[in-house]
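Go ahead and model the full structure; you've got the sequences and the hints to work with.
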Amino acid sequence: MIHNISNRDKVNKKLTQSDLDKIVILNTIRKSSLPLTRTKIAQITGIRLPRITHYVKNLICDGFIIEDIPQQKSNKEPRKNIPLKINGQKGFVIGIELHPDWISGVLVDLAGNLVKKTTKKPDLSKGTNYIIDMLIGTINEIGEGYILPEKKILKIGISDPGLVDIKKGISIFSTIIDGWENIPLGDIISEKFKIPVIIESAPRAKAWAEKCIGAGKDVNNLIFIEYGPGIGAGIIMDGKLFYGTQYTAGEFGHTYIKENRQPCTCGASGCLESLVSTAAIIKHVRSSIEEGTVSSVSELVDGDLNNITFEVILKAAKMKDKLCMNHLDEIGEYIGIGIANLVNLFNPEMIMFDNQLAQIDNFLITTIENIVKRRALSQATKSLKFEVSNIGTEKGALGVSVLVLDQIFKTADGWERSVCKNV
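Numbering of the sequence shown is given in numbering that gives the first Met the number 0, commencing with residue 0 and proceeding in unit increments.
Fair warning: there could be bad hints in the mix.
To be verified - In the EDC-like style, the derived pairs of lysine to aspartate or glutamate whose C-alpha atoms are separated by at most 20 angstroms in a straight line are:
hint, residue 1, residue 2
1, Lys30, Asp20
2, Lys193, Glu143
3, Lys384, Glu368
4, Lys282, Glu258
Don't read these hints as lab results, they were simulated from the structure.
Okay, here's the thing in structure tokens:
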């Protein structure tokens, strides 16, 4: 099932055709890389120029649009020829990503410009309430001066590392954060700040970031591969996020690859995530050393195997440690097999790799590409592109902030009275 993100909140039934035309005008301006004139908007939308002029006047009065008059131009320029753009200062949204290794936050204005960002290191061992408090603290920090008294924050979006119910705003279950289960996160944050909140899965939020502001900007069929303590996929088909009936589409890490002795945290066995996620690799290396395998990892952690991190394993692999090199080879092999299956199923235009995956080894992405091309149907890989994300750790936060803006502009949710009052 493919959902347009705007379907998450139903459009206000009281919106008239005039109101909907205003929303079309706003989105036309917003989606353009350059300011648009009234005449150009009429050409693009098919709405008659006199109506465009009327609606634009209302939207300028409401503060959602501003005229972009170059200093060298005369202020006597005909109105229809004056470029228009979204007034970013009219409102802001906050995007937050909860990740096992960081909590990132961004403040984005109504025009889509990044205003502020922050990143924090969480201690997941402190439990659910601590994590929620950290999320609240990050929102307070990133929204300082914008939440109260101005109340300019229109909406908050949170990128969650597990399964989510996007309708109810519930974090259902995470295989990589202990105890993060059935958390009514949307209600908790909304009640705290008195601001509407949406919850989205991290792979989907990141895929949307790539689609809207990253290397996948002109791509309508894209699969983003998230790699870290968990493994996931954000799937975009025909320019829209693919959710599935119960919003579980993209659980790439829980597709079957091969049997292994350690069950996955989801309860099954043979899952990709249980084989080659960073958390799984750490477990495998630790178990092998405990069973007598000689490895330079022991020296790097001074004999305390509880201090093994993925970074330690990477360092050992660079020292030609056979155990670690073998496990890194498995990452390329098994992820390549998994992506080949995705390519045969969805026939995407582009596979976008998480930059964390690319940082493991210079040749890992090439290895994965070769395996995909060898195992997937040749017709499916004929024009397939492989790219590595160039967006940093704020990718999930940026992606969910764009989703929030999409929702606001497509439904007038949160400010329809202000937009429509002058019809």
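Each hint tested on the structure:
no., hint, result
1, Lys30 x Asp20, "15 angstroms, holds"
2, Lys193 x Glu143, "15 angstroms, holds"
3, Lys384 x Glu368, "9 angstroms, holds"
4, Lys282 x Glu258, "16 angstroms, holds"
The structure meets every hint from the earlier list without exception.
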